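S.K.: As a plain string of letters, each chain reads:
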Amino acid sequence: MGLLIIADREFSSRLFVGTGKFASNEVMKKAIEASGTQMVTVALRRVDINNENDNMLAAIDRTKYQLLPNTSGARNADEAVRLSRLARAASGIAWVKLEVTPDPYYLLPDGEETLKAAEILVKDGFVVLPYINADPILAKKLQDVGCATVMPLASPIGSNQGMKTKASIEIIIEQATVPVVVDAGLGAPSHAAEAMEMGADAVLVNTAIAAADDPAQMALAFKLATEAGRIAYETGLAPQSQAASASSPLTGFLR
Amino acid sequence: MSAVLKINGTEKTFDDGLPSNVSELLTTLEIDAATVVAEIDGRIIERKDFEKTALNQAQSIELIRFVGGG
Numbered sequence: 001m002g003l004l005i006i007a008d009r010e011f012s013s014r015l016f017v018g019t020g021k022f023a024s025n026e027v028m029k030k031a032i033e034a035s036g037t038q039m040v041t042v043a044l045r046r047v048d049i050n051n052e053n054d055n056m057l058a059a060i061d062r063t064k065y066q067l068l069p070n071t072s073g074a075r076n077a078d079e080a081v082r083l084s085r086l087a088r089a090a091s092g093i094a095w096v097k098l099e100v101t102p103d104p105y106y107l108l109p110d111g112e113e114t115l116k117a118a119e120i121l122v123k124d125g126f127v128v129l130p131y132i133n134a135d136p137i138l139a140k141k142l143q144d145v146g147c148a149t150v151m152p153l154a155s156p157i158g159s160n161q162g163m164k165t166k167a168s169i170e171i172i173i174e175q176a177t178v179p180v181v182v183d184a185g186l187g188a189p190s191h192a193a194e195a196m197e198m199g200a201d202a203v204l205v206n207t208a209i210a211a212a213d214d215p216a217q218m219a220l221a222f223k224l225a226t227e228a229g230r231i232a233y234e235t236g237l238a239p240q241s242q243a244a245s246a247s248s249p250l251t252g253f254l255r
Numbered sequence: 001m002s003a004v005l006k007i008n009g010t011e012k013t014f015d016d017g018l019p020s021n022v023s024e025l026l027t028t029l030e031i032d033a034a035t036v037v038a039e040i041d042g043r044i045i046e047r048k049d050f051e052k053t054a055l056n057q058a059q060s061i062e063l064i065r066f067v068g069g070g
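Quick mapping for you: the protein sequence lines, in order, are chains A and B.
At position 67 of the first sequence the residue is numbered 67 (the numbering used here), and the sequence of numbers has no breaks.
At position 27 of the second sequence the residue is numbered 27 (the numbering used here), and the sequence of numbers has no breaks.
Okay, chain B solo, but in the shape it has when bound (with noise of 0.2 Å):
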């Protein structure tokens, strides 16, 4: 069955069923968790709390990280 996130403003279909957690939903996008924060519906998820984050259809989620600035 797919499921929709809408990640960082854009709606992202997954055709084989959501992910289960933060840290799966990194994997599927290769991207290192180690180097970004989680924002779920504005609300803050450490990175420490990305396995035990369950996810949900059409959640909002914000995948930040720290680039150079002034």
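So that you can see chain A by itself, here it is in the shape it has in the complex (with noise of 0.2 Å):
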């Protein structure tokens, strides 16, 4: 398998794991691990000056691990590069995976805060990942302003319906120029295989492994699974046709 490269970095695995959701620390620390990935997401939230609050950082290895902060809760563009800058000075990392989604219930993404915002961040030198809908024409722009990736959602965050926008993902991979990175609403191993297979550079999961029985049994399964999508990926699928063709030999039958 290649490398995949975003801004200055390289990576040898191709999943990146969310931290929500996990019953524990400990689960979260295991899933993490067994899922090989190499760039977790994390989310910022005011600490709660009455109760003791977790510490959930110190389960994650920083030297095996990179952070990527997001912007959720965002609801436009100046709080995304306000979280950004926050998310920046707690981390020690300008990368960011830059969400701007004003509506609560679908948690879709507003394309046009988020353009605005990325533009403001790359400017003030963030590696800026950019969740989108899947929409071409977003893409590209998010692209040409400097964004290090584009990522398009799958389906609704958490969701678990799998790649519904699969057709316009195809159009956003086929055009873009930097790494594409399938996030949100992967809900089986089977459709990060298949966003792999399609030629996504990365997947991004987070409920279906934290939601799991068995978060780090299926956080190995998510693994196994965009690394069989890469390599088939890379090798190239054998070409698909409406007629059979049979795979035995044709002669010799015992008639």
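Simulated from the structure, these hints should not be mistaken for lab results.
Note that the structure is a prediction, hence the values are computed from the model and not measured.
Cβ atoms here follow ideal geometry from the backbone N, Cα and C, with glycine treated the same way.
Any given hint might turn out to be false.
[Unchecked claim] Just so you have them, the derived chain B footprint on chain A, three or more residues with Cβ under 8 Å:
no. : region
1   : 104–116
2   : 194–207
[Stated by the list, open to error] Calculated pairs, DSSO-like style, for lysine-lysine (alpha carbon to alpha carbon, straight line, at most 27 Å):
no. : chain 1 : residue 1 : chain 2 : residue 2
3   : A       : K123      : A       : K166
4   : A       : K123      : B       : K48
5   : A       : K164      : A       : K141
6   : A       : K116      : A       : K141
7   : A       : K116      : A       : K64
8   : B       : K48       : A       : K64
[As the list claims (entries may be wrong)] If the Cβ cut is set under 10 Å, some of the chain B residues that face chain A in the computed set are:
no. : residue
9   : A3
10  : I7
11  : L18
12  : D32
13  : V36
14  : K52
15  : L55
16  : G69
Put the complex together from the two separate chains, hints included.
M.R.: So, in structure tokens, the structure goes:
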């Protein structure tokens, strides 16, 4: 498998893992390890000043896993830029998964505000990985303003519905000059494999792993599926045809 | 003399006066400084500047940390 390069960093794993919804830090830690990932997403929230705060970062070995802070909760460009800058101050790295989701029901991203925020953040020195609807025109605009990847959604966040936007993601992959990371909605390892076989450069999975009965085993399943899909893509799938083509010889029948 | 800060959207009164800087505020609140970033009246304060950043009456302070997220 070829290496994935985003900005100035090389990744041998093409599976990024989200850290939300895990039952405990211990369960999360084991799942991250089993996934073989090299990049994990995290969110920023207010400290609870009246109760003890769980330090989830303690469970993430930052020498092995790069943090990718997200801007979840941002409803517009200004909020996303503010969150990005806070994340940079908190993490010491200027990478951000840019997401602007004003609608709390479907959590679909606002492309216009995402583009606005991306322009500001790229100028400010950030490596910007924007989460977007599977819109090829928007993907191209984000690429043109200097985003390091584009991250189209397969289906709504946490819905586990798989590659509902497949046709549009195919166009994005065909046109992209930056890595395409399929993010959100991948609910089964087969969905991840499907995205990778199409030529996606990586996938980002959270809910499907965190909400599984055994997150570490499911993380392993996603790792294998992501690798299988990538190897198949790099190898090239054999052509499809309408008619059957016998796999066994058509001569020497015992008739 | 008691003093007030707005912390994460809620007013908090300090009966013995304001903590003198961000580090002291975190100690008072029993929050591990290594895990948070602060914003005072919209200005981001990096961890290395916690000790030298003084606090003033009625400032609005956000204390933020990383949590699990996708």
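S.K.: Can the region 194–207 of chain A be counted as covered by chain B under the rule of three residues or more with Cβ-Cβ separation shorter than 8 Å?
M.R.: It holds, with 3 qualifying residues against the three required.
S.K.: Below or equal to 27 Å on CA atoms is what counts here, so check A/K123 against A/K166.
M.R.: violated (32 Å)
S.K.: Let's test the interface hint: is any C-beta of chain A closer than 10 Å to that of B/I7?
M.R.: holds (6 Å)
S.K.: Interface hint check: B/K52, Cβ to nearest Cβ on chain A, cutoff 10 Å. Holds or violated?
M.R.: The hint is violated - B/K52 has no Cβ within 10 Å of chain A, the shortest such distance being about 15 Å.
S.K.: Hold the hint about B/V36 up to the distance rule: shortest CB distance to chain A must be less than 10 Å.
M.R.: Result: holds, 6 Å to nearest chain A Cβ.
S.K.: Would the hint on B/G69 be counted as holding, given a Cβ-Cβ threshold of 10 Å to chain A?
M.R.: holds (3 Å)
S.K.: Between A/K123 and B/K48, is the straight-line Cα distance small enough, at 27 Å or below?
M.R.: Satisfied, since the Cα-Cα distance of roughly 25 Å is no more than 27 Å.
S.K.: Would you check whether B/A3 satisfies its interface hint, that is, whether its CB is within less than 10 Å of any CB in chain A?
M.R.: With Cβ-Cβ at 16 Å, over 10 Å, it is violated.
S.K.: Does the alpha-carbon distance linking A/K116 and A/K141 stay inside the 27 Å limit?
M.R.: Since the Cα atoms of A/K116 and A/K141 sit roughly 11 Å apart, the hinted pair holds (cutoff 27 Å).
S.K.: Between A/K116 and A/K64, does the CA-CA distance stay at or below 27 Å?
M.R.: At roughly 32 Å apart (the allowed maximum being 27 Å), A/K64 and A/K116 break the hint.
S.K.: For the hint on B/D32, just tell me whether its beta-carbon gets within less than 10 Å of chain A.
M.R.: holds (7 Å)
S.K.: Against the 27 Å threshold, does the CA-CA distance of B/K48 and A/K64 hold or violate the hint?
M.R.: holds (24 Å)
Checked against the numbered hints given earlier, the structure breaks hints 1, 3, 7, 9, 11, 14 and 15 and satisfies all the rest.
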